[in-house]
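J.: One-letter residues, chain by chain:
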Amino acid sequence: MRRSRIYAMVGISWLALTLATLAHATWLALFIAPTEETMLDVQRIFYYHVPSSMLSLVFPYVNLTASIFYLAWRRSEPLRALTADAVAIAAAEVTVVYASISLTTGMLWGRAAWGIWWAWDARLTSMLLLWLLYVSYLLLRKLSASGQSQTLAAALSVFAAIDVPIVFLSIRLWRGQHPAPVFGGGPNSGINPAMLPAFGWNVLGWAMWGIFLLALRYALERRRQESEQESALKAIEDSLEIAR
Amino acid sequence: MSRILNDLRQDASRARSYFGQVFLHLQKDLRLEWRSRDSVVGMLFFALLTVIIFSLAFDPTAAVSRQIAGGILWVALLFAAFTALNQSWTREQRNRVLEAQRLSPAAPSALFLGKALANFLFVSFVEVVLAFFFIIFYNLHALGQGWMMMLVLPLGTWALICNGTFFAAMGLRTRNRELLLPLIMVPISLPALLSMMQATTAILTGEFDPAHWIRLLIGYNIAFTTVCLLLFDTILSAE
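Protein chains in written order, with this note's numbering: chain G, 1 to 244; chain P, 245 to 483.
Just so you know, these hints were derived from the structure itself, not from any lab.
Certain hints may be false.
[Claimed, not checked] Which residues of chain P face chain G? A partial, calculated answer using Cβ under 7 Å: (1) Met414; (2) Arg417; (3) Thr418; (4) Leu424; (5) Ile428; (6) Pro431; (7) Leu434; (8) Pro435; (9) Leu438; (10) His456; (11) Ala467; (12) Leu475; (13) Ile479; (14) Ala482.
Beta carbons: idealized from backbone N, C-alpha and C, even for Gly.
Chain G with its partners taken away, still in its complex shape:
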């Protein structure tokens, strides 16, 4: 009981810290960062679009790592494997959330800057494919039978992780309209240094928010697993009562 109270305290203080960081980041992004010369205020969506895109590429690794641990522990330590599985499902859902935000903010920006909502350009298509992969992962979990869905999902996660680099390579070969990479994309890349604090704080704030979501979803999944185990135990006990 005391332990769960500590977890709750840590969670609430983490949430408070996250909200404070996000408030500061929003203030920097909307009021302090200089207005861009050609795109004007439309450019400010960059502070939300880029961090979400970056994070939607990070959480799949969490999902893959957790899935590999699940597969390794599945037979030897089934209870520990369940915690790995809870991390895997939480990471997959957070991936889908951030990829959706990245796609939505990208479309809003595209409408203002290019005049169209969507272009079948390399990076848009790869992000869409990434989103599709993790939606299919969640669908598999929803549709498969409860006893085996963890194992099947872990296997699919390995497939998805191998597929991601191939997707990026193939789409790059296919198309080449999205602005060139802002960071590390050649001599003229990089942003006005005055924009960096707003960008950095937003990356930090949204990363903290993602970790918060991950932890919250993990705790939820653990509770679901525990209640499932309890009801299974109860069913066994009841059947023993009847036998007696």
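With chain G's structure known, arrange chain P on it following the hints.
T.: Frame of chain G; chain P shown alone:
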């Protein structure tokens, strides 16, 4: 009687090596298909229908058909493959054959490889017949290096069938088996589908070089065949 015993003895000696096991599984699947011819006839008719629907929808001239035929060919094959893949594991469920397979000391990946090879042969047969219909209905002849199709067709088919056979096995014990297969197979196969469609279009139009796409397909096949073989045991025994 002695002939049957002789056959059994031969089979048993074959089953000792891994490729012997693969061959036995392949032989069993081919024999089953030869007796019923369900999947091949089903796939063939389904693919033909898809090709006809596309012709009605786009009413293509010879020049246009060259641009779109690569896409249509693979879409037709993809849809047709779904019908066969869903059936291919259901066969093993009758009389609880699959449970027996799981109990047997034979390597589970041999079962997978045998079935994937059998499905590959079925789809390849459908391709050969379909190619004939394409030449008739779309008035096609390749402007690029036509011989390269001999490379793209098997590579593309294996890319679809290897993962498809694996995912069909994943769906075996789920509700909505028929629904699940396309939902998980298509997102994973998208880079392969893109490669085979682009390579085919490159060969038919002769406008660009298909080499990159063929290389990508080879890489895709190597990566996913390995993963399928390594993970099949896990999937088969998932409870």
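J.: Using Cβ atoms only, decide whether Ala482 (chain P) comes closer than 7 Å to chain G, and label the hint accordingly.
T.: holds (4 Å)
J.: With a cut-off of 7 Å, does the beta carbon of Ile428 (chain P) approach a beta carbon of chain G closely enough for the hint to hold?
T.: holds (5 Å)
J.: For the hint on His456 (chain P), does the least C-beta distance to chain G fall short of 7 Å?
T.: holds (6 Å)
J.: Holds or violated: is the Cβ of Ala467 (chain P) closer than 7 Å to a Cβ in chain G?
T.: holds (6 Å)
J.: Should the interface hint for Ile479 (chain P) be scored as holding, given a Cβ-Cβ cut-off of 7 Å against chain G?
T.: This hint holds: Ile479 (chain P) lies near chain G, its Cβ roughly 6 Å from the closest one there, short of 7 Å.
J.: For the hint on Leu424 (chain P), does the least C-beta distance to chain G fall short of 7 Å?
T.: holds (5 Å)
J.: So, Met414 (chain P) near chain G? Judge it on the closest CB pair being under 7 Å.
T.: holds (5 Å)
J.: Minimum Cβ distance from Leu434 (chain P) to chain G below 7 Å?
T.: With a closest approach of 6 Å, the Leu434 (chain P) hint holds.
J.: Let's test the interface hint: is any C-beta of chain G closer than 7 Å to that of Arg417 (chain P)?
T.: Holds, about 6 Å.
J.: With chain G as the partner, please determine if Thr418 (chain P) meets the hint condition of a C-beta pair closer than 7 Å.
T.: holds (4 Å)
J.: Hint validation: Pro431 (chain P) versus chain G, beta carbon distance must be below 7 Å. Holds or violated?
T.: holds (4 Å)
J.: Would you settle whether the hint for Pro435 (chain P) is holds or violated, based on the nearest Cβ-Cβ distance to chain G being less than 7 Å?
T.: This hint holds: Pro435 (chain P) lies near chain G, its Cβ roughly 4 Å from the closest one there, short of 7 Å.
When the structure is compared with the earlier hints, no violation turns up for any of them.
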